[in-house]
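Asks: So you can see what is in the structure, the chains are spelled out below.
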Amino acid sequence: MSGGLSRAEMAAWLARDIPEGWYVNLGIGLPTIVADHVPAGREVVFHSENGVLGIGPAPAPEQVDPWLINAGKQPVTLLPGGSYFHHADSFAMIRGGHLDLCVLGAFQVADNGDIANWTTSLSDTAPAIGGAMDLAIGARRLWVLMEHTTRQGLPRIVRRCSYPLTAPGVVRRIYTDLAVIDVTAEGLRVRDLAPGIDFATVQARTDATLLPVSR
Amino acid sequence: MIDKTVHSVAEALDGIADGAVVLLGGFGAVGQANALVEGLIAQGARDLTIVANNAGAGKIGLARLLAAGRVRRVVCSFPRGGAGASVFEELYKAGKVELEIVPQGTLAERLRAAGAGIPAFYTPTGVGTVIAEGRETREIGGRTYLLEYALPGDAALIEAWQADRWGNLTYRASGRNFNPVMATAARLTIVQTTHLVELGVLAPEAIVTPGIFVDRVVRVATPADAQA
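Going line by line, the protein sequences match chains B and X.
Numbering of the first sequence is given in the working numbering, commencing with residue -14 and proceeding in unit increments.
Numbering of the second sequence is given in the working numbering, commencing with residue 230 and proceeding in unit increments.
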C-alpha cells in the first residue's frame, strides 16, 4: 500500500483533533500510541479501564512500576492529578457517558456506524471481549483508528460488517492511513485526505460508498 | 477482640467446597491473589467456577489451578494471556473447561450488584450483538437495554497492599481493579497481603475496602522475602 500514512502519522493525525480538557480512553493496539502524539502543552486526561485516570508517558525501563499497567497490560506512569479506582467505578465512567472520547481499533466499520473489533469468528479459539463492548456504547463519541485495508488489501470500511458486531451504529469518525471519514446521517463523508491521496483512491479501497469532502 | 488474621494459606482457604464459585481479583497478573489461588491445589476443591477478568497466563496462579484440572468453568471478559496459547486455551480447545464470556463492564457491574443486594439490572452494553441473542431486553426512554443478573461468589480471593486485623484494606496502584468489588460480592472473602499493619495505622480516609466485607486475612511473603 503506497502513499498512505505511517502508524505514527495516523496517530498524530487523530491526536491533533483532541481538544484540551477531554477525558479519553484509548483502546489496545494502535490507539494506545495516540497518547504519544498529543501536542505539547495540551492537557488531555487518559483513562484506562483497569482503574487509572491521568496516564502519562511510558516509563524508562529502570522506572517500571509492576503495579501500574494500562488495559493492554503495558507498564505506564501516572501524571500529577492522576487517580486510581476500582473496576465498577471505572465502567461507571465509561458506561455513564463521562468519557468525551474513546478511540478503538477495528476489523471492520460499516457505513451505518456498526463496529466489529472483538473477534473474526465465533468458532475461533476462546473469543475475548474485554472492555470493547462497554467502551463502544458508553463514550460520548467513538472514533476508530485503523489501516484502511487488511494486509490482503481487502476493505475494512464496508456496507455491512461480516464479523460479529461489538456494537451497532456507534462510530462517529474513522481515521485511516488514507483519510478521515465522518459517519453521518447521509452516509460516510470524507473529511480529510492524507497527503498525496485523492478521493478516487480512497473510494477504490473502500467497499461502502463515500461522499466527497464538503467545501 | 476481633482478629480476622489467620496463620496460613491452608487456614485461609478452609471450607471452600467442591463446585464453589470463586471470585478472583486481578487484571492480568496485577493484583491477583496468586498464593491463595495456588493454595486451592493443596486445599483440594474440585469442579470450581472461577470468575476473573482473564483466564490466567504463564504457568503460575490461575494457570496452575487450571492445569491441575480443578476448574470446570471460567467466567471472564478476556480469556487470552500473553504470547502463545495459554493453559486455558489448550483446555478450552480440548473441551475440558467451559467458558462464559462477559463484557468487562458487565462483569464488574454484576459483581457490584451482587455485593449491593441488587439481583439484576439493565445495561446498554451488548445490545445488538451475539451476547444479547435470545435474552431479555427492554426499551427504557427510547433506548434498548439488556437484562443482566448479579454474580455472587461463594468465596472471593483478594490481593490487598495493606490489611489490619479488622480486615480494612488498601490497594497498590492499578492492583485495585476488581478486588474491592469482588470483596463485597462473596459469602466468604479471603485476603492475602504482604503488609499486615496494626489497627489504627490505616488512615480512615485511605481505607478502600472497610473490614465489614472481609472474613479472613493472611500475610504472604513478598517477592523480596522469597529471595531472602
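Hints listed in this document are in silico derivations from the structure and should not be mistaken for laboratory results.
It is possible that some hints are incorrect.
Stated by the list, open to error - Below, in silico cross-link-like pairs of lysine-lysine (DSS-like), each with a Cα-Cα straight-line distance of 27 Å or less:
#1 LYS322/X <-> LYS288/X
#2 LYS233/X <-> LYS288/X
#3 LYS233/X <-> LYS58/B
#4 LYS58/B <-> LYS322/X
Asks: Are the hints correct? Go through all of them and say.
Replies: Hint check results:
1. LYS322/X <-> LYS288/X: holds (18 Å)
2. LYS233/X <-> LYS288/X: With Cα atoms ~31 Å apart, LYS233/X and LYS288/X exceed 27 Å; violated.
3. LYS233/X <-> LYS58/B: violated (33 Å)
4. LYS58/B <-> LYS322/X: Measuring from Cα to Cα gives roughly 25 Å; hence the hint holds.
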